[in-house]
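A.B. asks: With the hints as extra help, turn the sequences into a complete structure.
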Amino acid sequence: MLPVQPDNSLKLLFYPRNIAVIGASNTVGKLGYNVFKNLIIHNYQGRLYAVNPGVEYVQGIKAYKDIGDIDDEIDTAIIIVPAKSTPGVIKKCCRKGVKFVINEAAGFSEIGQEGFAIEQEIVQALRNSSTRMVGPNCSGLINTHHNMVQSLGIVGLLRKGNLGVVAQAGVYAAGLLWGFSQTMEFGVIATIGNKLDINETDMLEYLGTDDNIRVISMYLEDIKAGRRFIDVAKEVTCHKPIIALKGGRTTVGLRTAASHTASIAGNNDIYNAVFRQSRVIQAESYRDMFNLSKAFSKQPLPKGPGLLIISYTGAMGVTSTDTCYEKGLRLAELSSASIKCLSQIIPPYVTVKNPVDLTFDQTPAQVAEVINTCAKDDDVSAFVIILQAELTDLYIEKIGELSLCGKPLLISIPARDFVMPSVIKLEELGFPVYDDPETAVHILSKMHWFYEHSLYSKISQ
Amino acid sequence: MTRTPNGSCQKPGKFLNEIESKQLLKQAGLTVTEPFLANSDSEAVAIACSLGYPVVLKVVSPDIIHKSDAGCVITRLTDPEGVRHAYNNMMSNLRQNYPEVAIDGISVQSQAPRGVEVIIGMIRDIQFGPAIMFGLGGVWVELLKDFSLRIAPLYEEDASEMIHELKGFKLLQGYRGQPAADTEIIEDWLLKVSELVMLNPSIKELDINPVFVYPNGAVAVDARVLLEDTPLIA
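Chain order of the listed sequences is F and W. For the first sequence, the working numbering begins at 1 and goes up steadily by one. For the second sequence, the working numbering begins at 462 and goes up steadily by one.
No lab work stands behind these hints, which were simulated from the structure alone. Backbone N, C-alpha and C define an ideal beta-carbon position, used for all residues, glycine too. Incorrect hints may have been included.
Unchecked claim - Calculated pairs, DSS-like style, for lysine-lysine (alpha carbon to alpha carbon, straight line, at most 30 Å):
hint: 1; chain 1: W; residue 1: K606; chain 2: F; residue 2: K224
hint: 2; chain 1: W; residue 1: K653; chain 2: W; residue 2: K487
hint: 3; chain 1: F; residue 1: K224; chain 2: W; residue 2: K475
To be verified - Computed list of chain W residues with no C-beta within reach of chain F, every gap over 12 Å:
hint: 4; residue: A489
hint: 5; residue: L498
hint: 6; residue: D502
hint: 7; residue: E504
C.D. replies: Take a look at the structure:
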């Protein structure tokens, strides 16, 4: 039995004791089929109900003609019916006292005036009821810690993880997930669609309290809650990093420039201010968002700006050093004790300096010894190692045994796309692998920014 | 019609003139060079004599936005003859070049000594509400876009970050032998402006431009406030 939370909490939205799927289907390929299938194959532990007036069973589970016929107090009802039918269905859910409706139908304000009118009808229905709604135009929620997948597309097996994603777009709970779940572990993915009722900030506020979630990533096209977002995000970032990708950054605002200030500060400047003010780490692209999410969820934060780079190539050491200084980090200055130790490890024809260039003779044992030695050096706060793609497999064992003293390590494997099975093994050890070292350094600079600017380091450590 | 703090009436969605705008800022706790309205050249001279020289003459009109571009600001007037001459020149220039524009008169104010020039502004965002802007004056903010922005209400740390994150922050610290500017007073003003706009939803936009910052203290030299048609409560 799951703990019952106060009515005003969204806990039950993420940990429902039962789910009814309105529009559950037996027809392979239909969205109502996919959603129901996902709940079954991911082994959802709560009670599962199908609502479909046309059939007796859906995928082997007894079907009800109407949500009102179910003799149970319903925590979550997922709706997959045509948009124009949703207001009627939602009214029924409200009468039934359903706690949360997940409206996965599409064809609302995103398509124009007709859809907008349907949304207004839904808002009216919800207004006088205790029922809350996610969506419409969303792909439901995933909570791997509750074996729950409500996605519109069939989702393969997911490992349990500490990353929470809040996304305005459904693709984050299906299309993108297959690939990213190879190297990342998700806890919660909440798609929020048109945010007619429950918005991005409500989700964020809840995830801030969920102990299974340690890092939160958000894909946002707007922020419905306005100033409240800043207050909530600032509070959450005291305990958990938040990474946000804002879509529509180049959209021209409707503001007319009457004053000097208005002519200078644009829409994008406002969002930059919002994120800075609330200590949210801003991602530059969807790839950047996942690159950041992975590192924050798997590795500790660097507590200082000093970076040690270990490379088998001088050139990559040089370019990653450039990125290091461009992004506000610096190369660590090794202590004389560290230098003495290193001179025992590295070949005599190589000078001991940072970046440590072990040349093409670099061996896994050398790399491990350099790291274990320098992890004890106070000026080293983070590591980047650059590995030769075709030799990746040789390093897996040694990397799994490193003593990093709580310092982050990111790996760069140029052309890593061609050795993905080996990359996945390193990722499973908890070390994010990027292609170019400049990306790894960029990620560390953001992690360091967060360490310096949020209250996280003061409160959570 | 909206009644403004100094009692004059203003059309909805209109700019307050400089005198009204500065009244509002003064009530919010900022230091301003206070302008006094003159309706004749001899009134201008009388005001100048009581203020002491040097003085500045500016046209007072809700319709003229870029006063200095329009030749409506005359600075560094050091004697009665200069004031009289400037007053009459400005009036004939206005009659000739801007016959349609509403003129409330010409204001006389003390000429503030030059300090580091900064700008403090506010706009209202549809989603987030009032956003406070801070930048270094002149080309810094206009051409180089060197400004910082935060959503009100501001906390002390926000105000401090707004100052420190400017690319030209070194200019405030005393560049090339100049004395350091009083960044504490800027912080204080940013917080006061934040409070002012939080308390007054009717202030739609605000420019305090320029502000002269000195080693000790600061003064708002020019200011413009755009109102919505809801009443002020300051």
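A.B. asks: Could you run down the list of hints and mark each one as holding or not?
C.D. replies: For each hint, the structure was consulted:
no.	hint	result
1	W:K606 <-> F:K224	28 Å, holds
2	W:K653 <-> W:K487	11 Å, holds
3	F:K224 <-> W:K475	29 Å, holds
4	A489	17 Å, holds
5	L498	23 Å, holds
6	D502	31 Å, holds
7	E504	30 Å, holds
In summary, this structure violates none of the numbered hints.
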